[in-house]
Amino acid sequence: MRALLLVLALIAAPVHAVTLKWAAQNDVLTLDPHSQNHATTHAVLQYTYEGLVRYTKDYKIEPSLAVKWEEVSPTQWRFNLRKGVKFHDGAPFTADDVVFSFGRIKQPQGTNQIYVSGIKEVKKIDDYTVELLLDGPSPILLRNIVDFRIMSKSWSEKNRSQNIQDYKAKEETYASRNTNGTGPYLIKGWEPDKRIVFALNKDWWGKLDGNVTDVVYTPIKSDATRVSALLSGDVDLVTDLPTQDVERLRKDANLRVLDGHEVRTIFIGLDQYNDELKYSNVKGKNPMKDLRVRRALNMAVDREAIKKVTMRGLSIPAGIMVAPGVHGYSKDIDLVPKVDPAGAKKLLAEAGYPDGFEFTLDCPNNRYVNDEKICQALVSMWARAGVRVRLNAMPFANFIPKILNLDTSAYMLGWGVQTFDALYSLQSLVRTKTSGADGSFNQGRISDAKLDQQIDALKITTDTKVRDAMLREALITTRDQAYYVPLHHQLRPWAMKKGVSIPHSPDDRPQARFATVK
Amino acid sequence: MFLKTVWQHDLAWSFRRSPVTVVAAILTVVCVGAALAAPWLAPQDPFNMAALNLNDAFTPPAWDERGVGRYPLGTDNQGRDILSTIMHGARISLGVGLASVFLSLVFGVSLGLLAGYFGGRLDAVIMRIADVQLSFPAILIALLVDGVARVALPAERHDDIAIPVLVLSIGFAGWVQYARTVRGSTMVEREKEYVQAARVIGRRPLAILLLHVLPNVTGPVLVIATIHIATAIITEATLSFLGVGVPATRPSLGTLIRIGNEFLYSGEWWITVFPGLALVILVLSVNLLGDWLRDALNPKLR
Chain A
1 MRALLLVLAL
11 IAAPVHAVTL
21 KWAAQNDVLT
31 LDPHSQNHAT
41 THAVLQYTYE
51 GLVRYTKDYK
61 IEPSLAVKWE
71 EVSPTQWRFN
81 LRKGVKFHDG
91 APFTADDVVF
101 SFGRIKQPQG
111 TNQIYVSGIK
121 EVKKIDDYTV
131 ELLLDGPSPI
141 LLRNIVDFRI
151 MSKSWSEKNR
161 SQNIQDYKAK
171 EETYASRNTN
181 GTGPYLIKGW
191 EPDKRIVFAL
201 NKDWWGKLDG
211 NVTDVVYTPI
221 KSDATRVSAL
231 LSGDVDLVTD
241 LPTQDVERLR
251 KDANLRVLDG
261 HEVRTIFIGL
271 DQYNDELKYS
281 NVKGKNPMKD
291 LRVRRALNMA
301 VDREAIKKVT
311 MRGLSIPAGI
321 MVAPGVHGYS
331 KDIDLVPKVD
341 PAGAKKLLAE
351 AGYPDGFEFT
361 LDCPNNRYVN
371 DEKICQALVS
381 MWARAGVRVR
391 LNAMPFANFI
401 PKILNLDTSA
411 YMLGWGVQTF
421 DALYSLQSLV
431 RTKTSGADGS
441 FNQGRISDAK
451 LDQQIDALKI
461 TTDTKVRDAM
471 LREALITTRD
481 QAYYVPLHHQ
491 LRPWAMKKGV
501 SIPHSPDDRP
511 QARFATVK
Chain B
1 MFLKTVWQHD
11 LAWSFRRSPV
21 TVVAAILTVV
31 CVGAALAAPW
41 LAPQDPFNMA
51 ALNLNDAFTP
61 PAWDERGVGR
71 YPLGTDNQGR
81 DILSTIMHGA
91 RISLGVGLAS
101 VFLSLVFGVS
111 LGLLAGYFGG
121 RLDAVIMRIA
131 DVQLSFPAIL
141 IALLVDGVAR
151 VALPAERHDD
161 IAIPVLVLSI
171 GFAGWVQYAR
181 TVRGSTMVER
191 EKEYVQAARV
201 IGRRPLAILL
211 LHVLPNVTGP
221 VLVIATIHIA
231 TAIITEATLS
241 FLGVGVPATR
251 PSLGTLIRIG
261 NEFLYSGEWW
271 ITVFPGLALV
281 ILVLSVNLLG
291 DWLRDALNPK
301 LR
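Sequences listed follow chains A and B, in order.
Quick note on numbering: the first sequence equals residues 1 to 518 in my numbering.
Quick note on numbering: the second sequence equals residues 1 to 302 in my numbering.
Some hints could be false.
Pairwise CB distance ranges (calculated) [as the list claims (entries may be wrong)]:
| hint | chain 1 | residue 1 | chain 2 | residue 2 | range |
| --- | --- | --- | --- | --- | --- |
| 1 | A | 74 | B | 160 | 56 to 64 Å |
| 2 | B | 119 | A | 171 | 51 to 59 Å |
| 3 | A | 188 | B | 128 | 47 to 55 Å |
| 4 | B | 243 | A | 194 | 19 to 27 Å |
Here are some of the chain A residues that sit facing chain B, going by a computed Cβ distance under 10 Å [what the hints assert, rightly or not]:
| hint | residue |
| --- | --- |
| 5 | 244 |
| 6 | 309 |
| 7 | 313 |
Calculated cross-link-like contacts (lysine to any residue; reagent style SDA-like; alpha-carbon spacing at most 25 Å) [claimed, not checked]:
| hint | chain 1 | residue 1 | chain 2 | residue 2 |
| --- | --- | --- | --- | --- |
| 8 | A | 308 | B | 66 |
| 9 | A | 338 | B | 242 |
| 10 | A | 498 | B | 53 |
| 11 | A | 106 | A | 70 |
| 12 | A | 308 | B | 266 |
| 13 | A | 308 | B | 55 |
| 14 | A | 307 | B | 55 |
| 15 | A | 68 | A | 56 |
| 16 | A | 221 | A | 207 |
| 17 | A | 221 | B | 247 |
| 18 | A | 278 | B | 55 |
| 19 | A | 308 | B | 61 |
| 20 | A | 402 | B | 161 |
| 21 | A | 402 | B | 242 |
| 22 | A | 283 | B | 91 |
| 23 | A | 346 | B | 242 |
| 24 | A | 221 | A | 202 |
| 25 | A | 168 | B | 55 |
Please keep in mind that the hints were generated in silico from the structure rather than gathered at the bench.
Everything numeric in this text was worked out from a predicted model, so none of it was measured.
Backbone N, C-alpha and C define an ideal beta-carbon position, used for all residues, glycine too.
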């Protein structure tokens, strides 16, 4: 009898370690959750730092550090915080931490202000209640604050990390190298460009939906090496596959390829602000200001060929600036311009460039799937319309400061939509540039008074029907004015060992808490 | 008459006697000829962006069932004809190789002559610099020069200056061998009567160096230069393989191999294998010619 009990006890307590080894191309930029709005950094830090609300598997909002909320008035939301939650250092989580984190994420040296945009103030009511006071009614408040992550006030103060690091000045702080969150996993160590090791937070308030107790994230830059690591069994999961290897991995009996799309649109931005295009042979004027030129550039691009050849089928040719899965997307408005180099030539001639013109395209070469190859293909497609493009491809680390300093005439960028609402893209990419969240990545400095008005109205319109119609109109206007050259929406298959099961996520953030490893 | 003289010359005789050398020479001539005549012979101009069609990309070689006759060796990932790209790429590789060897030669021979003739402190300084440089691999020095040039020069002009920068960096990395060889020979020649006589009648050092010493030290230099061409082509290919060489829109052999390398797993082997093969044939035949020249010019081996 006693022996039987012992056996039962052993069966009932499966506390052995299960490790998920995950590899992707990029390393995180920092461990400070308020510093950089960068997909991989968020993907890794959400294991450790939590927000007031979070996404479910199918991207609905559910309680996280807040257990419930109510709209006291359209501009006043009250959140009841979860009791008994502890940070990894043991300190209790209270309203003070929320107020502190709000003040911190708003600091101008970070790039995550967009997740609290529209929030005027966070007011502590008592230790477990806060109120968010808004500038105006917000239809997407809950989706916006998913990535507003809570840090411990006492820990930050003790370690002199009340301020976000100045990333552009290469500043390091305690918080950019160490973490202290409330999440399911704690970071045991980060060796830049080598690995990040996570262990289970045994005191976590929530319940795992899988069995993973340890996670090792390995950034592997080289495509071939990353695939080899998966084939040899060194890693369990690869979330960015080289497109040319996907078919082969599908045929591998030891692997499983999980298909899914990503809510990211790849596009070319054009300088529509300067009176003379900086990197061009056109002097005294800016051809990109002319709608006919922008339309010609759009018409010359054979998006189907890029899909078929460069992406090996792993893209959806794009006509609008948001991807399927984003609220506001609709197939009937995502119309790809007809490929027509001759028509493009004619339009250019009408615009006063019968012999075409020249400009330089800045392109990252290690950020998006096949980024440089797509740029090369564009060069030859535009050449057929008579536009001679000089390709200036460089690593993302050199590319991003150049683009942020507006030192560009044309550039490739990809925009993922973390809030799953098209306003995020319109506000960042199309709204006239300001120093804040509005136009934060409108690097071509598009300025359309009518669109600005619509976008500002979108921020505060809560009637879903009215708002959806407005989103649609703004996306159509952006498309018809050819403010950008959208190329495609990325598809992102993941490959994993047979024994691994994890839901595919369109924001490219594998959730270890949902994963099972056999 | 002239042909007959050439035919009966020592070198020609030793050339005829070595079948390997004859094959190497023929291959070299074919490679160089194909490279020089690329603009007229190549089926496609791979640098004319408007002529490329992305829909033709990844076409296998003509003998494959999916291949087409238009692209005898297949196409790369942008729809460039591999054969044409190899011919144009070899042009760049050879051009960069020859130009950088010439640069090393001029630089190395001048320094070697100065060091060997004047000796003393000048000799010590030049040779210590040479020793220091010898302790770094040539590719590292080329990377260094290339990196510095890239930072120093404006980014938007990189494409125009990529090839001169490449020539400069490979040329700079290779001067030591010439300087050492020439210095040694010069030290020997310096003591010979004809040099002393020239000095006695009051010729200026520059004239002595260029008119009297230089012609007598060129033999070994030519041998080194021939072998060095092969090394320079390899260095260029390595730099381009690492992605710091010529711009991607004007691929050299090394760039082609790098591009093709990404597609080895997915089965498009021809993108990397044919340029690789071309590089091997070119380098091997130039090397064999250099070896033969070294043996033929060495009186001890005759």
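Now for the hints, and whether the structure bears them out:
{"no.": "1", "hint": "A/74 / B/160: 56 to 64 Å", "in the structure": "holds, 59 Å"}
{"no.": "2", "hint": "B/119 / A/171: 51 to 59 Å", "in the structure": "holds, 55 Å"}
{"no.": "3", "hint": "A/188 / B/128: 47 to 55 Å", "in the structure": "holds, 50 Å"}
{"no.": "4", "hint": "B/243 / A/194: 19 to 27 Å", "in the structure": "holds, 22 Å"}
{"no.": "5", "hint": "244", "in the structure": "holds, 4 Å"}
{"no.": "6", "hint": "309", "in the structure": "holds, 5 Å"}
{"no.": "7", "hint": "313", "in the structure": "violated, 13 Å"}
{"no.": "8", "hint": "A/308 / B/66", "in the structure": "holds, 16 Å"}
{"no.": "9", "hint": "A/338 / B/242", "in the structure": "violated, 38 Å"}
{"no.": "10", "hint": "A/498 / B/53", "in the structure": "violated, 39 Å"}
{"no.": "11", "hint": "A/106 / A/70", "in the structure": "holds, 24 Å"}
{"no.": "12", "hint": "A/308 / B/266", "in the structure": "holds, 15 Å"}
{"no.": "13", "hint": "A/308 / B/55", "in the structure": "holds, 8 Å"}
{"no.": "14", "hint": "A/307 / B/55", "in the structure": "holds, 10 Å"}
{"no.": "15", "hint": "A/68 / A/56", "in the structure": "holds, 15 Å"}
{"no.": "16", "hint": "A/221 / A/207", "in the structure": "violated, 33 Å"}
{"no.": "17", "hint": "A/221 / B/247", "in the structure": "holds, 21 Å"}
{"no.": "18", "hint": "A/278 / B/55", "in the structure": "violated, 32 Å"}
{"no.": "19", "hint": "A/308 / B/61", "in the structure": "holds, 20 Å"}
{"no.": "20", "hint": "A/402 / B/161", "in the structure": "holds, 20 Å"}
{"no.": "21", "hint": "A/402 / B/242", "in the structure": "holds, 23 Å"}
{"no.": "22", "hint": "A/283 / B/91", "in the structure": "violated, 35 Å"}
{"no.": "23", "hint": "A/346 / B/242", "in the structure": "violated, 41 Å"}
{"no.": "24", "hint": "A/221 / A/202", "in the structure": "violated, 33 Å"}
{"no.": "25", "hint": "A/168 / B/55", "in the structure": "violated, 42 Å"}
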